[in-house]
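Peer 1: As a plain string of letters, each chain reads:
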Amino acid sequence: MKSLTAYLWFETKQQREFINITDKVENLVRRSGIADGFVLVSAMHITAGVYVNDAEAGLIADIEEWLEQLAPYKSGYRHHNTGESNGDAHLKSLLVHHQVIVPVTKGKLDLGPWQQVYYAEFDGQRRKRVILKVMGE
Amino acid sequence: MKSLTAYLWFETKQQREFINITDKVENLVRRSGIADGFVLVSAMHITAGVYVNDAEAGLIADIEEWLEQLAPYKSGYRHHNTGESNGDAHLKSLLVHHQVIVPVTKGKLDLGPWQQVYYAEFDGQRRKRVILKVMGE
Amino acid sequence: MKSLTAYLWFETKQQREFINITDKVENLVRRSGIADGFVLVSAMHITAGVYVNDAEAGLIADIEEWLEQLAPYKSGYRHHNTGESNGDAHLKSLLVHHQVIVPVTKGKLDLGPWQQVYYAEFDGQRRKRVILKVMGE
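Protein chains in written order, with the numbering used here: chain A, 1 to 137; chain B, 1001 to 1137; chain C, 2001 to 2137.
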């Protein structure tokens, strides 16, 4: 069994951004020399998500609007009594989930034709991390 | 470490269908000879989901209605400017998530008494795939 | 490759509870002697969730209220024709997801500064289980 771990750092300019990280995940797999296994891609913060979907700008705007409807940015979250104002970002993170596993087959990400791996920042403008860990043989 | 990979193909008759694939996942684990490990079950399309829950028809109808309330089929998604009409299916896929890991113990799926693995098609009537990959020893 | 499996039992006093199980996951990893790998933490019931987020009481109350808005406890679910009254708990389980993978690096849970692993009970007052399985080397 082999494994390789890397960390991606982000500090987005906007409070919310959606960043395609598929090539970074592919790079790690290539460097690992692993032909068959799993790569975990997991946000290390509780106000960000990682998901797999389409690299299409209209859809990304739809996703952002939809998340805002289901988990709105607003005052009144109890969490804000701690001095934070990012209650919505925690809920958005739960909704899209903070991690995915990408299967690796014959040394490549075994994704469908339209599947891309996205980092979803819901409370940016600060340094945040994603862990990538590939395991296999 | 051993691993085995298989692909399930679907072409549903309805636009939306929920298909119990637990036995197919079990079959792969049996064929692999793996006694202890993880099976990844992951949709390879961005308008389908994979989840674990109850094989009860009333509940499945509840899930479908609930998804329709939270991520409605409608015109007006920006994604539709690409010529598609399946914006809702992308959001439903994000909501239920597109993958699960099933633990394998003593050569069997280590699921609770009511846990079944479902493929959730949100934009069917076309050929689509799910990857199964088991890894362990 | 090494692996170790354990089961956590819960029987909550309340119908809904959020229980921080991070230390139990850490204990298993320590006992396994695995330095590098993945731990799966997965509810074995279809009316409970497992998620990673903040150990902050206000936020937990926000999460509970938000889940109740998006997947309300109510009569009228078709699932209730089976004699159950927990349709909402199934939907809440789908929404927060029933499992996470925690990466293990240098023998420790490789979590971000605020990440804690939670068991979310949505239909308690009965015995329920979570599986922990760590795999690696």
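I should point out that these hints are in silico values taken from the structure, not numbers from a laboratory.
It should be emphasised that the depicted structure is a prediction, and the values quoted were computed from it without experimental measurement.
Worth double-checking, as some hints may not be accurate.
[What the hints assert, rightly or not] Derived coverage of chain A by chain C (criterion: at least 3 residues anywhere in the stretch with Cβ under 8 Å from a Cβ of chain C; other residues may be distant):
(1) 29-36
(2) 103-111
[To be verified] Straight line, CA to CA, 30 Å or less: simulated BS3-like cross-link-like pairs of lysine-lysine:
(3) C:K2024 with A:K128
(4) C:K2024 with C:K2013
(5) C:K2013 with C:K2106
(6) A:K106 with C:K2128
(7) C:K2002 with B:K1024
(8) B:K1002 with A:K24
(9) C:K2074 with C:K2106
(10) A:K2 with A:K74
(11) A:K108 with B:K1074
(12) A:K106 with A:K2
(13) C:K2074 with C:K2002
(14) B:K1074 with C:K2074
(15) B:K1013 with B:K1128
(16) C:K2108 with B:K1108
(17) C:K2074 with B:K1002
(18) B:K1106 with C:K2074
(19) B:K1074 with B:K1013
[What the hints assert, rightly or not] Beta-carbon label-pair distances, calculated as ranges:
(20) C:R2126 with A:E64: 45 to 51 Å
(21) C:K2108 with B:Q1069: 27 to 33 Å
(22) B:Y1007 with C:A2055: 36 to 42 Å
(23) B:S1075 with A:N81: 22 to 28 Å
Glycine included, C-beta positions come from ideal geometry on N, C-alpha and C.
Peer 1: Tell me the numbers of any earlier hints that the structure contravenes, in ascending order.
Peer 2: Violated hints (numbers, rising): 1, 2, 5, 6, 9, 10, 11, 13, 17, 18, 20, 21 and 23; every other hint is consistent with the structure.
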